[in-house]
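Going down the list, the sequences are from chains U and L.
Be aware that the first sequence starts at 11, since it is given in this note's numbering, and climbs by one per residue.
Be aware that the second sequence starts at 25, since it is given in this note's numbering, and climbs by one per residue.
Worth flagging that the hints you see were computed from the coordinates, not collected in a lab.
Only true hints are included.
Okay, the calculated bits of chain U under chain L, using three or more residues with CB under 8 Å as the criterion:
hint, segment
1, 30–42
2, 133–144
3, 151–163
Every value quoted in this text rests on a predicted model; they were computed, and no experiment measured them.
Every residue, glycine too, gets a C-beta built ideally from N, C-alpha and C.
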Amino acid sequence: MIRRQLHSIGSGYRLIFPAVLVFFLLLLSVSYIPVPGLSSFVPLFVAASVYYWAIFAPAALPRWFVFIAGIIQDLLYGTPVGSTSLALLLLWTLIAAQRTYLLKEPFMVIWFLFAVSLFLYCVVISILYMVLLGVGYFTASALMQYGITVVLYPLLHRLFGSLHSELFKGHHA
Amino acid sequence: MDIKSRKKVSVKQAVLPVKGFLSRISLVFLLAACIIVILFGNAKPEWIQSARAKVLDVTTPMLAVIAAPIESYRAFQKDLALWAQAVDENDVLRRKITRLERIEQSALAIHAENARLRELLHYLPNSEIIYHTAKVVGHTGGPYMRSMLIASSNMGHVSVGQVVETEDGLVGRIASAGNYGAQIMLITDSNSSVPVIAEFSRERALIKGNNSPLLEMQHLPDNSNIRVGERILTSGDGEFFPVGIVVGVVQSVNENGVAVKPAVDWVRLENVLISQMPAIETDENFLP
Chain U
11 MIRRQLHSIG
21 SGYRLIFPAV
31 LVFFLLLLSV
41 SYIPVPGLSS
51 FVPLFVAASV
61 YYWAIFAPAA
71 LPRWFVFIAG
81 IIQDLLYGTP
91 VGSTSLALLL
101 LWTLIAAQRT
111 YLLKEPFMVI
121 WFLFAVSLFL
131 YCVVISILYM
141 VLLGVGYFTA
151 SALMQYGITV
161 VLYPLLHRLF
171 GSLHSELFKG
181 HHA
Chain L
25 MDIKSRKKVS
35 VKQAVLPVKG
45 FLSRISLVFL
55 LAACIIVILF
65 GNAKPEWIQS
75 ARAKVLDVTT
85 PMLAVIAAPI
95 ESYRAFQKDL
105 ALWAQAVDEN
115 DVLRRKITRL
125 ERIEQSALAI
135 HAENARLREL
145 LHYLPNSEII
155 YHTAKVVGHT
165 GGPYMRSMLI
175 ASSNMGHVSV
185 GQVVETEDGL
195 VGRIASAGNY
205 GAQIMLITDS
215 NSSVPVIAEF
225 SRERALIKGN
235 NSPLLEMQHL
245 PDNSNIRVGE
255 RILTSGDGEF
265 FPVGIVVGVV
275 QSVNENGVAV
285 KPAVDWVRLE
295 NVLISQMPAI
305 ETDENFLP
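Make the full structure from the sequences, and use the hints.
Encoded structure:
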């Protein structure tokens with residue numbers, strides 16, 4: 011009985027793990043790193059993890075959590091509240107709809123599609139900021155941030171992949 | 025296949041379109057919620073401020089924990105450097121103390137003279153500005169905004185609009201404040217605008233941020249005498265910034281405008297001072 015209870019607790023952890031990871035990455039992206047100018051180029055960790063989990067375990071990162079993560083990010087960043095949620099939800103929906111096709115594709119295709127979908131995400135964010143703040147055009151630092159996230163994606167993919175395979179061994183998300 | 029399993033399959037099949045419909049509905053609902061939140065944020069910014077304060081209260085202590093190893097490493101580095109400098113500095117400081125003791129004597133004489141003259145003029149002194157310290161725990165905003173998160177065990181006295189500075193100069197203003205954390209809009213943010221005065225040419229202008237490391241000076245006269253290297257200070261115009269805080273140093277003057285380098289070194293920024301302006305008392309005798 012105890013073993014069954016432990017197992018059920020384990021399943022609970024497995025289910026909330028991607029959400030906890032997204033929250034941790036969100037905190038990491040705003041934490042204080044004493045490197046000049048780095049705060050402008052911090053990779054879009056949350057968008058990268060939403061992309062990964064939308065393909066490989068969408069049930070583990072449900073839409074409502076993506077919505078909440080976006081709201082928290084906006085509240086922390088001081089950006090118009092709701093804008094990141096909207097962009098993240100569109101990214102999640104676009105990718106989750108293609109997941110049966112993407113699951114069969116090699117990593118290079120997934121990486122390429124990440125670059126394309128992240129670009130669309132940045133365009134949506136940019137338009138929303140332009141309308142709501144008047145500063146949303148694609149600045150050099152925004153392009154740099156996009157570039158860094160795309161370059162770092164294989165590393166993040168590997169990290170998410172190893173955590174995913176460890177946590178969901180023998181389970182379906 | 026027996027009847028039971030056939031029934032199970034049929035129930036599953038029957039539920040599938042409903043599941044799909046609910047999923048589509050939830051997407052539409054969440055997208056609509058995003059738009060409502062965006063519109064709501066524009067209509068009721070004070071509600072968003074209070075939500076922001078609550079999120080800051082929860083996250084800033086966590087950010088302080090994340091920043092702790094970096095802080096310890098920096099403190100260790102600083103200690104090492106200080107030990108190396110200590111012997112040389114000791115000698116310099118001894119000489120400085122002797123010089124300062126002489127200055128102190130003359131300052132005391134000036135102070136006494138000043139008090140006498142103030143008494144003669146019936147001068148009403150300004151109330152003292154109260155400073156509170158807080159620790160920098162995070163950088164936020166990304167490419168579109170420039171802001172920082174600060175934490176302190178007692179943020180009850182901090183409110184939106186208060187000026188944040190360091191011993192080097194002006195940092196920005198409080199954009200949102202909770203009980204344990206607050207967000208500063210830095211002077212480099214594109215929404216920041218500070219009334220300033222040049223130290224020597226005495227020309228008044230506005231310093232605007234543009235999300236880049238340098239600040240822009242706006243509304244300068246055409247025949248401006250402002251020069252590279254000149255310090256820029258807050259002018260005290262407007263209701264937010266007190267007079268005389270260093271904002272930066274003029275880095276370039278050309279046809280594109282005047283660029284100012286902020287006085288604060290953002291990378292080495294560890295602690296900040298939040299200034300609490302004294303309440304302005306209006307004398308009814310002076311009102312029209």
